[in-house]
Amino acid sequence: MTEVNNENVLQALKEAFGEAVMQSDTQHGMLSVEIPADRNTEIIGWLKGHKDISMGFLTDVCAVHYPEQKGRELAVVYHLHSWTKNYRMRVKCFLPSEKPEISTMTGLYSGANWMERETFDFYGVQFSGHPDLRRILNMDEMDYHPLLKQYALEDETRDDKEDSFFGR
Amino acid sequence: MSQLNTHNPDKFVSTETIDGEIATLNLGPTHPATHGVFQNVMKVDGERIISSEPTIGYIHRAFEKLAERRPYNQITPITDRLNYCSSPINNMGWHMTVEKLAGIEVPKKVDYMRVIIMELARIADHLVCNSVIGVDTGALTGFTYVFQEREKIYEMYEEVCGARLTTNIGRIGGFEREFSPVFMSKLKKFLKEFPAKFQEFDNLLTRNRIFMDRVIKAGPISAEKAMSYGFTGPNLRAAGVDYDVRVMNPYSSYGDFDFIIPVGQDGDTYDRFIVRQEEIRQSLGIIQQALDGMPEGSHHADVPAFYLPPKEEVYRSMEALIYHFKIVMGETPIPVGEVYHAVEGANGELGYYLISDGGRTPYRLHFRRPCFIYYQAYPEMVKGAMLSDAILTMSSMNVIAGELDA
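Read top to bottom, the protein sequences are chains A and B. Just so we're aligned: the first sequence equals residues 212 to 379 in this note's numbering. Just so we're aligned: the second sequence equals residues 230 to 635 in this note's numbering.
Next up, chain A with everything else stripped away, as it sits in the complex (with noise of 0.2 Å):
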């Protein structure tokens, strides 16, 4: 690989996955990829390893909820930073709100553990394989994940704030 930027990284992705990369879009100058959530740790691991690429830094771990996706509720974004390179990517991975289950990345970064855990705390994302998979942030006795477009901010039994001017 002469360069590494976001033609030749998918291009790469694509020779050596093929049908594993199965969306990709550009935004603001960053490659967004989506690959299936049963081989995240295979892809992100390949990333890691390559010699031009090496993704050796992991920024960031979230999910983000897409209720009206059907089958394809919960999304989990990493954000991946190659600092040899200076090239930064994203990875996604689609999963069912009924069987939100991913394989940990702490194998490959360490610094996944928290950022998984708070993944689970907020979306109830089950990461498979983590060596500690409990709340962080919110208290252990709490029996849903806030962040999940299910739970309004406010009380929806309120009926002197309209939707339509305050909000979705």
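Please keep in mind that the hints were generated in silico from the structure rather than gathered at the bench. Incorrect hints may have been included.
Claimed, not checked - Derived CB-CB ranges, DEER-like:
#1 P564(B) <-> E312(A): 47 to 53 Å
#2 M353(A) <-> K337(B): 45 to 51 Å
#3 S409(B) <-> Y355(A): 47 to 53 Å
All residues carry an ideal CB built from backbone N, CA and C; glycine is no exception.
Got chain A sorted already, so can you dock chain B onto it with the hints?
Structure of chain B alone, referenced to chain A:
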């Protein structure tokens, strides 16, 4: 990136047994030495730590959920409360994220003004952190010296935006007003007088034998581990990795300024202290350069949809009234898309991951909070250390409760 250190900090850790009996010690959440609400349940053998189990979330305020119901300009005050020792950096980071999403180009002058404010914030943050390391070793004097200087920085914020701690400084698109002549004179006075005062503080601690004996080899981390644990900012640079967002992905015209990235070697408390000391000097240099090279132009971008019109205009012109109403009611149109923007916060890479579905509020906003990510290495860093070193390690890591718990 060629400066990764290869030595093993484990060699600092002693393996002798002190007492032979393991006790459980509950440190925090409201212990005065923890500077915030941090709880650690420690297993100790005499005074040596066998294991530590941090519990966080005591001041969790659900910022990410709150942000999903607030218009973009109302999210700035939330960001204040992340790292409250340097809130202007958080504010600017958020403004720049929205500008990146909405495709707003700000004038060069705004970039320079932002750089001045952000570097002042970095100085204030590092002063607090470094002087508190002194306090935790028993040297209170330095703390009182630099808090006078931090006060001057807060007075400057006050001059720019009216607030001191939770600043809500600037707007999406620029600043609410020009830097006033009072601000300029305060800044020039600060640049002239601060180095000597700072040198006094430096003389008290940096080459102080007692201080050095106390902090060298306390809470070390190797470069590899720091990278793997997601360290950024001065803590990472103390371990010997020269990663700085200001240089790697320059934002706000940081590419125009000439400065160096100080790096340490052992990643211990002393290195973290020294790296911050040097960063303060570099920040002063950046402020001076920004002040000297301040371009002519407007203090805000021409974006009426985001930038509030002057109040007199609102009473006179229909257009200004419409924009005023739309901004205040949060009805500004925003493009659909997702964006990640990172700034070099005072304690590491502060990232904003923003997803917009075109609605009045973000669909999802995630804060990449540097100290949330690196605090997870704390149990490993204090394992085998003395209890008093654990206190030092925590204060030198610059863990800010507001940012940790979001």
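Let me make sure I understand: some of the numbered hints might not hold for this structure. Which ones are they, in numerical order?
Going through the list in order, the structure violates hint 1 alone and respects the others.
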